[in-house]
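Chains as they are written, first to last, in numbering that gives the first Met the number 0: chain A, 0 to 594; chain B, 0 to 352.
Source of the hints: derived by calculation from the structure; they are not laboratory data.
A portion of the hints provided could be inaccurate.
[Claimed, not checked] Selected chain A positions facing chain B (Cβ under 8 Å, derived; list incomplete):
| # | residue |
| --- | --- |
| 1 | A183 |
| 2 | N184 |
| 3 | V191 |
| 4 | E332 |
| 5 | E333 |
| 6 | S343 |
| 7 | A346 |
Ideal placement from N, C-alpha and C gives every residue a C-beta, glycine not left out.
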Amino acid sequence: MATVIPVDQFISDEWYPGFKPGYGHAPWYVDPVRTFCKEDQKAFWFLDFHWQRGLTPMGLIFMEDGYNWSTQLAAEQMPLPPGRGLTCRLGGTHPYGSAIPVDDPREISQRARRLEHTLPGLLRDFEPIWGRMREEIKQGWDYFCDVDLSALSLAELRGNLIQARRYHKRAWEIHFQVMYPLLANYTGFYGVCTELGLHPAQIGRFLQGYDTKIMETDRELWRLAAAARAAGLEPVFAGHEADGIRAALAARGGPAGAWLTRLDDFLQVYGWRTEGPADIALPSWIEDPTPVLGMIKTFLEKDTDHDFEAARAAAVEERETAVDAARSVLTLEEQRLFDGGLASCRAANFPWWQDDHNFYIDLRVILPMRWACHAIADRIGAGRQDDTLYLFWEEIMDLSSGRRRYDAGLRGLVEQRKQYFDYWLQQRPSLPKVVGTIPESVNDPILIEIFGLNSHFLQAVAAAGSGSQAKVLTGVPASKGVGRGIARVLHDPGGLHRLSPGEVLVCESTSPNWTPAFAKIAACVCDGGGTLSHAAIVGREYRVPTVTGVGLATTLISDGDEVEVDGTSGQVTVLRPAAARPGGVPPAPAGQEGG
Amino acid sequence: MPAAIAWLDAIDPQRAIRACGAKMGRLAELPPVGVRVPQGFAVTADAYRRHCAKTDLDEVIDAALIGLGSDAEAAGIETAAQAVQAELTSREMGADLAGLITGAYEELSSRCLGINFPVAVRSSAIGEDSPTASFAGIFDTYLGVCGGDQVLEAVRRCWASLFSARAVAYRLRAGLHHRDMPMAVGVLELINAQASGVAFSASPVTGKTDRVVIETNWGWGEAVVAGRVTPDHVEVGKADGRILRYQVAAKKVISAFDYAAGRVVESDMPAQLADRRVLDDEQIAAVVDAVLAIERYYGYPVDVEWVLDKYRRAGEPACIVQARPVTLTNAGTNPMPTTWDPAAIATKYAFKR
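If we strip away everything but chain A, and leave its shape as in the complex, we get:
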């Protein structure tokens, strides 16, 4: 019998104060963004790991335009034979996702036939196609960067915001138009490799070792850290919290001032990105470089710099070795199939794209909307720029067209919505990872490979009700090797600076902004994810043992537990609970234990 986790706790007449559930006010393709209703219990919903803080009202535009609209559009146009894309329901401020199935077998085979005509060309010509799309996104980006918002009238700002929303939506349409075919091809290759008897851990290596824009950023971050070390600035970093470092360096002057100039140069190139994917509430590094300084601070705690060239050379060598080893066990007939798949997946390299595109899409296309919202906040005299992020689209349209004033009523509402956001932020660690009817298995490749909803995950969440506390957790072997250390359980990337070198990162899942942490951690464990999720890819690039798709790692592992992570077998063992270790649970240890 299927396990059903009730959705009742999310069914409420009140949602964000001043907004009635029901939704459907934005255009949708197949299914709109909504709050939960009882009927939703029949479907299977997973807590989406991408927005671990929850989303503000303006942030939810991503769910409408990016998540629902763009996945559904791409899935219908490609088409994806068994699915119509993703849809979302809101548990408070937190999005739960679900795949929309195609149920009619006749329609599925019809869609599969259509796919035969769309997929091969797209894969073959991926490089120019993605090149054109990237160029389109960059041109739009340049346009918004060149607009002097301070020179625009309120009405013009309104027009700019509408443009920014269209740009954002278009970028996400591109995102899923590329992602689905690449993922389908990769998943097909993975399936073929598995049937050829190749080990899953081996398969991920065939496509690794290609530089991405995100890795380029990380390399520059480490160069900055090395420069700080060379300039003797380590004591400044060690002596201040991340948010105080900039001021301390500025006060010191001399080499510290020179280093700050270098930091600003870095930010001009790499700082146009948010700390997390697709969240309007997050500042860019340019706006607030605290995450950069915090990251450099922890890099400096390590005795040696991360050797990117060596890591990359090792990844490339490992790739070539893995390919040779794989081919050696295949017959000539099998080699033809394998070589064809490998060439296709290299020409349209999903793991590479999965990291690279974050720089162009996930981490920045929301920024023009953020700038416009902030500018409108300034213009209407809100006092606090973030106020407009707590408005719904119609409200900001009315304000910017002069139909409505930012009066005490609206201000009070924004205040209540901030409280509502904070309330749900507190709830996050205790939210159910899945709700509705848990299936025995899911077949959607995005759900399996990106969200890690494999059989292990489903078993873990289904068994969670039994209350049995597992000492050994199992997940997807995502990056080989064994790492041991103190677990640092993070529910929010804001806590990244708490990580000390040699610790084990335990989280729901990682996003591109978590990447630099991989240079210092001993291992990584994620609730979600598969062999292609961010942590898996970066774990392999950084050679950090990583297990994804564990299901309940953030629940079953406590902050401070001593754990061993076997990225080859996919097992995570709690060696010593925090309570049993001398010193108990250090909230943010200065020194390290174990390791």
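We have chain A; now place chain B onto it with these hints.
Showing chain B alone in chain A's frame:
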């Protein structure tokens, strides 16, 4: 009157299977296509038929088995089988037939330049190895039998194995009658085995026909055939003869010749041999050559038992002691794609439901 003894190198291959059963008959077919098989002869199915007729066994057997239907209970089958086997082993063989067999055995010994030369005595029933009923492992085989009396005894036991409880049960389930599968028995030179095993000209697991799969152990192959040892596992690509995999197993059991007992018995594997790789590349190639020659001859995938003689030199062929067509249960149902067709492959692997 059809002959009671048929020498494998003298019988017309066209008639061999009908006279000597499938197992021995196929061995007669192979030397003309360049495959080495042991020397030897068969006690024909006719010899068995005449023995049964002469000693009233037909009536006795029918009486014992009457009333056993396809839904017979295990206990009933066991009782009937024991009764038939007791009758079969208690009836003396006619002096003329016994003389023919011991005479042929002495001839075989001298062809092998020995006296009381050890032989393999193998059941070879008519209709065994058919595509619908393989009777795999149902009938007896005796390895290392020495001396005329022992050969006669082994032949009678092979006959009796036609009525073991599992053979009777198997026939009842398959709807076959024992009269339709009289038992011929092969008497073959025992190859002095350094290593033996089985080989398939397709993967028995996946049904892929692009490879030869070999399983092997030191000594004789009985422990491998019966599944009582985990053998070394080898896979070889047919197209280029490249060794794809060689998995060395921890081999705990060996079928070895026991000189005191005068036959091949199973014993513990000496520690020095247990983890040692059995076959070198040249030996693997010899087995593969033989398997592919047999597959070419039959025109379909085959399953063979082979032996490498202790005194075999590099370049000499492997010796085939059994060959039969295999039924590929997995072939064709869900074949691997042969070229990279992204849409078809995504539909098969990414969008499976």
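Status of each hint after checking the structure:
Hint status for A/A183: holds, given a least beta-carbon distance of 4 Å to chain B, under 8 Å. Checking A/N184 against chain B by beta carbon gives a least distance of about 5 Å; that is within 8 Å, so the hint holds. Because the beta carbon of A/V191 sits about 6 Å from the nearest beta carbon in chain B, less than 8 Å, this interface hint is met. The restraint placing A/E332 at the interface with chain B holds, with a minimum CB-CB distance near 5 Å, inside the 8 Å limit.
A least Cβ separation of about 7 Å between A/E333 and chain B falls short of the 8 Å threshold, and the interface hint therefore holds. At its closest, the beta carbon of A/S343 sits 6 Å from a beta carbon of chain B; the interface hint therefore holds under the 8 Å criterion. Hint status for A/A346 relative to chain B: violated, with the closest Cβ pair at about 11 Å, above 8 Å.
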